[in-house]
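Chemist: Residues per chain are reported as follows:
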Amino acid sequence: MSWLLALPIVLPFATAVLAFLLRDRGAFGRRLSVVGCLLLLAASAALMAAVLDEGVVAAQMGTWPAPFGITLVADLLSAVMVVITAITGLAVAVYALADIDARREALGYHALFQVLLAGVCGAFLTGDIFNLYVWFEVMLIASFGLLVLGGDKAQIDGGIKYVTLNLVSTVMFLTGIGLLYGMTGTLNMADLFFAVREVENQGLLTVVAILFMVAFGVKAAVFPLFFWLPASYHTPPVAVSAVFAGLLTKVGVYALIRMFTLVFTNDTDYTHGLLLVVAVLTMVTGVLGAAAQSDFRKILSFHIVSQIGYMVLGLALYTPLALVGAVFYLVHHIIVKANLFLVSGVARRLTGSFELSAIGGLYKSSPLLAVLFLIPAFSLAGFPPLSGFWAKYVLVKASLEVEAYIVAGAALVVGLLTIFSMTKIWAEAFWKPHPDGTTPALTNLARSERRMLLLPVFALAGLTVIIGLFPQPFVDFAERSAGQLLNPTAYVEAVLGVETVIGRLP
Amino acid sequence: MESVLALLIGLMVAASVYLMLARNVLRFLFGLVLLSNAANLTIFVSGRLTAAMPPLVPKGMTEPVGVVANALPQALVLTAIVIGFGLFAFALVLVYRGYLALGTLDSDAMRHAEPAPQSGGQKAQAKAEGEAS
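Protein sequences appear in the order of chains W and D.
So for the first sequence, the working numbering puts the first residue at 1; every next one is plus one.
So for the second sequence, the working numbering puts the first residue at 1; every next one is plus one.
It is worth saying that the hints were derived from the structure and are not from the lab.
Warning: the hint list may mix true and false statements.
To spell it out: a stretch of chain W is covered by chain D in this simulated footprint if at least three of its residues, at any positions, have a beta carbon under 8 Å from a beta carbon of chain D; those stretches are [what the hints assert, rightly or not]: (1) 147 to 160; (2) 230 to 240.
Pulled from the structure, derived: some chain D residues nowhere near chain W, Cβ distances all over 10 Å [said to hold, decoys possible]: (3) 4; (4) 14; (5) 15; (6) 18; (7) 19; (8) 25; (9) 50; (10) 58; (11) 61; (12) 62; (13) 64; (14) 65; (15) 112; (16) 114; (17) 116.
Fair warning: this is a prediction, and the values are worked out from it, not measured in the lab.
Cβ coordinates follow ideal geometry from the N, Cα and C atoms, glycine included.
So that you can see chain W by itself, here it is in the shape it has in the complex (with noise of 0.2 Å):
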């Protein structure tokens, strides 16, 4: 069992070496990374299988007993997050053959990502918030590594920005987690939501809740930490954005869920009421910044952005419900917002720019580009039968249910902001003639390259629409997930041993 949990971290790390070893053969290093990503997807399928089995899969590293060493656990939403990470990545692997340049190879770019992919795996997988802090760690400077690789003086730019804001929020975890460990004296998250109880001052536990709130906060990019994510992710090659957008900042709501679930409950009036004011902020903000840009990935930075304000809605609702509605957001953004970059990265590569008013003529040359652009796009903003309609329905479901209408109109509006946005990109992009007069086809591309480019590209639209057509398994899914996360007694057993935690469960 221990191997299981272990090898999606261990896999990448190994296909990193590997990687780095061999950055200077050219193809051969390029598809190393790929079979490293098809491992990853097959260990990931492995655990997730376990986990349907079994229930809650937990394993000591170093078998030191549990609330002293260091657990790896994985639940339905750990497992869902950590198949959802090996199909981002293995897509993206493949669309980086096409994409990343000579140069960047040679540099140690398909190193950096799998050292990535480990990070992100690793924070998923972990059972202990010192340990979540390294694995942190490992993600940002892997992303540091990955943003500024090349050297543009943009992505010096925006790099410099992502930098020293993601190192503050790293600072104030780590201050929480020191908070935290001196109240309670443990750092396994299992025994945190026996020890949380027994702290006489809880009003000092809300203090560090929100130190935890604003540490995690700023890596989720909500209002008004968000600003290094529209400064930063748009400056790397697309397929280093595509894989910021889809994981990283999912790797911050995953953490609030996580900790605002099974640790930080003591307060849910004030702490969850404090996540649905920013959630709504976050939506609201997010889509008025899209409006107003005119750059094809700038514009869906912001989407980031509002995308993420819904999953916080999810968390902060703090219903059955509206759990469910978080998991299956994140589990569909993740798909569609890569798949988003990766595609504006095929229009860019047509027409010479990512700049809207400097591109155009898609629909007319490529009218599969453009389906392939409609159905992320659609399902972004929430159109029936895509994945995204399940997903807000659920959610705006969620808040009519306890009578957060305001929340649930800003959900629908920001839905309709996100159409205007997506609606500008077609109307610039795809409708208008290309201002150059030049005809931007799919088969000015070489055979090869269409072929790796639009390949990951179909894959992630077609889970899309398989997601939105037959949404009933992913919801019982989200379901089976979000009641684990609002009943942790498999969790901690699975952690603590069952002799453990019987008697001390309230």
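Given chain W's structure and the hints, the job is docking chain D onto it.
Modeler: Just chain D now, kept in the frame of chain W:
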């Protein structure tokens, strides 16, 4: 002893916030170093301070006798120092590269990734000025 260290941590955070509010990125980085050291001290203090009681296991026994210092926060702080050092080194080199590439350390002047928008107001103003002259 804890309260003295708590005051010191407060002082360090105050100084680091002051430094981080500067537009100069290098100053910001020094503020960040100070802040991360304040965080390290926080972890250290949160393990409670016990002077001159090393957590050593006497020969022939399996656990230490009596009250000893808590070793865990020290391990955590060590990890945090190493990681913090690595990240700071990276950030410093990045800022240096930024200075070489962009020619400035002023964060307000770093507008390569986000060029200042030609806002309607500015355009109208420029037009009005043109008409006036």
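Chemist: Once the closest CB in chain W is found, is it more than 10 Å from residue 15 of chain D?
Modeler: Nearest chain W Cβ is 14 Å from residue 15 of chain D, so the label holds.
Chemist: Examine each Cβ of chain W, and state whether all of them lie more than 10 Å from the Cβ of residue 25 of chain D.
Modeler: Given that some Cβ of chain W is not farther than 10 Å from that of residue 25 of chain D, nearest at about 6 Å, it is violated.
Chemist: Since residue 65 of chain D was said not to touch the interface, does its Cβ keep a gap of more than 10 Å from each Cβ of chain W?
Modeler: Non-interface label stands for residue 65 of chain D: nearest chain W Cβ at 20 Å, farther than 10 Å.
Chemist: Taking 10 Å as the cut and beta carbons as the points, is residue 114 of chain D off the interface with chain W?
Modeler: violated, 6 Å
Chemist: Is it the case that residue 19 of chain D keeps its Cβ farther than 10 Å from each residue Cβ in chain W?
Modeler: Per Cβ check, residue 19 of chain D is outside 10 Å of chain W; nearest 12 Å; holds.
Chemist: How does the stretch 230 to 240 of chain W fare against chain D when you require at least three residues with a CB closer than 8 Å, holds or violated?
Modeler: n = 5 at 8 Å, threshold three: holds.
Chemist: Does residue 58 of chain D sit more than 10 Å from chain W, CB to CB?
Modeler: Holds: least Cβ distance 21 Å, greater than 10 Å.
Chemist: Examine each Cβ of chain W, and state whether all of them lie more than 10 Å from the Cβ of residue 4 of chain D.
Modeler: Nearest chain W Cβ is 16 Å from residue 4 of chain D, so the label holds.
Chemist: Does residue 62 of chain D really sit off the interface, with its C-beta more than 10 Å from all C-beta atoms of chain W?
Modeler: holds, 15 Å
Chemist: Are all beta-carbon distances from residue 112 of chain D to chain W longer than 10 Å?
Modeler: violated, 4 Å
Chemist: Classify the label on residue 61 of chain D as holds or violated, using whether its beta-carbon is more than 10 Å from each beta-carbon of chain W.
Modeler: holds, 19 Å
Chemist: Would you check whether the claim that residue 116 of chain D is not at the interface survives, using Cβ distances to chain W and the 10 Å cut-off?
Modeler: holds, 13 Å
Of the numbered hints listed earlier, those contradicted by the structure are 8, 15 and 16.
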